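Place chain B on chain A using the hints.
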Amino acid sequence: MMSKKVKIVMMSLSMLLLMGGSYYFYVFFNAAPFSGDIVDYSPEIAISSEFLLDRFVEDEQGASAAYMEKVIEVEGEVKEVTFLNNRYTVLLYSGSKVSYVMCDMRTEQAEMVRKLKEGDKIKLKGVFKGFLMDAIMLNCVLL
Amino acid sequence: MNKFFTLFFALFFYCGFSQNSSKYISRQGHVSFFSYTSVENIEAENNQVLSIFDTANGEIAISMLMRAFVFKKALMQEHFNESYIETDIYPKAVFEGVITDFKVPVEATTKIVKGTLTLHGITKELEIKTKMERTNDLPVFTGSFEVLVSDFKIKIPPVVAGNIAKRIEVQFRFEYQPYEN
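Just so you know, the sequences run in chain order A and B.
Numbering (my numbering) for the first sequence: 1 to 143.
Numbering (my numbering) for the second sequence: 1001 to 1181.
These are computed hints drawn from the structure, not numbers from a lab.
Bear in mind the structure is a predicted one, so any value in this text is a computation, not a measurement.
Warning: the hint list may mix true and false statements.
To be verified - Okay, derived cross-link-like pairs now, BS3-like style, lysine-lysine, Cα gap no bigger than 30 Å in a straight line:
(1) A:LYS70 / A:LYS121
(2) B:LYS1073 / B:LYS1166
(3) B:LYS1155 / B:LYS1114
(4) B:LYS1092 / B:LYS1129
(5) B:LYS1153 / B:LYS1111
(6) B:LYS1092 / A:LYS79
(7) B:LYS1131 / B:LYS1111
(8) A:LYS70 / B:LYS1155
(9) B:LYS1153 / B:LYS1072
(10) B:LYS1092 / A:LYS70
(11) B:LYS1153 / B:LYS1166
(12) A:LYS70 / A:LYS117
(13) B:LYS1114 / B:LYS1092
(14) B:LYS1111 / B:LYS1166
(15) B:LYS1073 / B:LYS1153
(16) B:LYS1131 / B:LYS1072
(17) B:LYS1072 / A:LYS70
(18) A:LYS70 / B:LYS1073
(19) B:LYS1131 / B:LYS1114
(20) A:LYS123 / B:LYS1072
(21) B:LYS1153 / A:LYS70
(22) B:LYS1073 / A:LYS123
(23) A:LYS121 / A:LYS79
(24) B:LYS1092 / A:LYS123
(25) B:LYS1103 / B:LYS1124
(26) B:LYS1155 / B:LYS1124
(27) A:LYS123 / A:LYS79
(28) B:LYS1092 / A:LYS97
(29) A:LYS115 / B:LYS1072
(30) B:LYS1129 / B:LYS1166
(31) B:LYS1114 / B:LYS1166
(32) B:LYS1155 / B:LYS1092
(33) A:LYS70 / A:LYS115
Isolated chain A (complex conformation) (with noise of 0.2 Å):
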C-alpha cells in the first residue's frame, strides 16, 4: 500500500504533466507560422537578385527544389517599395526588364522599408515560397 504522501505526490506530478501536455499542444496547435521569428533563423543560402532569377530561368524545377521553403538571403537594388493591402513589399532589380525579386516584408519592418528608394543596395532575408513572373519571398526582414 502506498503512503499517503506518495500519492499525493505522484497526484501532483499526474497533474503537472497533464498541465504541461495540455499547454504544449495548445501552443503547437495554435502557433502562427514563424512564430519563432525569422530574425533567429540562419540563412541558409546567400545569393544576389540576378543569380535567383537567373537559376528559374535556367531550370525552374531546379531551382524550386534548392530554395523553396528555405530562408536565403538576398542582396538586390531596390525598384520600387509598394504598400498594399496594408503590407509593404519591396521588389528588387534582377537584371530583367519583367522579372524581379518581390519580398513581402513583416509588419515591423514598416519604418526602415518606408526610408527606401529606388537604387538602394540592401540585404535581407526571407522566406522563399516560389517563382511565377517574380520570385517571391515572404516574411522579409532587412539586414
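Here is chain B on its own, set in the frame of chain A:
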C-alpha cells in the same frame, strides 16, 4: 509549356507590337479564402497573386502560388500544403477567363467573367461576378465566388471533416498597372 504560359506569351507578344499597350498587370493581387463551420473558421490570404488583363479582348489570366497562402495557425498551413492541396505536386492555381460583353474603356460596372480554374490538378469551368472600377484611371477588379472542395478532389480526412466547410468562399482584389516592357 502549359496553357497558362502560352496565354501569357500571347498577351505579351500582342501588346509588345501594339502602339498603345492594352495590357495591364497586377503582381500583388489579393486572394483570400474562408471556411465557415460550427467547429471553427479558417481563413488564409495570398498577397502575391499575378494577373494579366488585356483590354484588347477582355482576357484575364491569373496565377498564384498555393504556398504563398498565409494562415493564422502554422499547423493549418502545413495541413493545407502537405495533405489537402499537395503543393509539392500542384504548386500553382491558375484561372484563365474572358469578360463577357467587354467594352473599352473599363467603366464602373459588374460583369461576368467566364473561364476555367485549375487547382489541385483539376480544371473546372467557372462564372465569376466581378466588380470593375477605375481608381486613378487604372482598372481595379474585385469579387467573390464559391468553390466546392469535392470539385477539386481535395481529400479531407473524416476526423477533421467537421472542421472544414464543403463550400469555400473566395474573395479577390486586383489593382492593375500598365504593363511596361
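Hints versus structure:
| no. | hint | verdict |
| --- | --- | --- |
| 1 | A:LYS70 / A:LYS121 | holds (22 Å) |
| 2 | B:LYS1073 / B:LYS1166 | holds (20 Å) |
| 3 | B:LYS1155 / B:LYS1114 | holds (27 Å) |
| 4 | B:LYS1092 / B:LYS1129 | holds (23 Å) |
| 5 | B:LYS1153 / B:LYS1111 | holds (29 Å) |
| 6 | B:LYS1092 / A:LYS79 | holds (26 Å) |
| 7 | B:LYS1131 / B:LYS1111 | holds (7 Å) |
| 8 | A:LYS70 / B:LYS1155 | holds (27 Å) |
| 9 | B:LYS1153 / B:LYS1072 | holds (24 Å) |
| 10 | B:LYS1092 / A:LYS70 | holds (18 Å) |
| 11 | B:LYS1153 / B:LYS1166 | holds (12 Å) |
| 12 | A:LYS70 / A:LYS117 | holds (27 Å) |
| 13 | B:LYS1114 / B:LYS1092 | holds (20 Å) |
| 14 | B:LYS1111 / B:LYS1166 | holds (26 Å) |
| 15 | B:LYS1073 / B:LYS1153 | holds (24 Å) |
| 16 | B:LYS1131 / B:LYS1072 | holds (28 Å) |
| 17 | B:LYS1072 / A:LYS70 | holds (20 Å) |
| 18 | A:LYS70 / B:LYS1073 | holds (19 Å) |
| 19 | B:LYS1131 / B:LYS1114 | holds (14 Å) |
| 20 | A:LYS123 / B:LYS1072 | holds (27 Å) |
| 21 | B:LYS1153 / A:LYS70 | holds (29 Å) |
| 22 | B:LYS1073 / A:LYS123 | holds (28 Å) |
| 23 | A:LYS121 / A:LYS79 | holds (10 Å) |
| 24 | B:LYS1092 / A:LYS123 | holds (28 Å) |
| 25 | B:LYS1103 / B:LYS1124 | holds (26 Å) |
| 26 | B:LYS1155 / B:LYS1124 | holds (17 Å) |
| 27 | A:LYS123 / A:LYS79 | holds (13 Å) |
| 28 | B:LYS1092 / A:LYS97 | holds (23 Å) |
| 29 | A:LYS115 / B:LYS1072 | holds (29 Å) |
| 30 | B:LYS1129 / B:LYS1166 | holds (21 Å) |
| 31 | B:LYS1114 / B:LYS1166 | holds (23 Å) |
| 32 | B:LYS1155 / B:LYS1092 | holds (18 Å) |
| 33 | A:LYS70 / A:LYS115 | holds (27 Å) |
Checked against the numbered hints given earlier, this structure breaks none of them.
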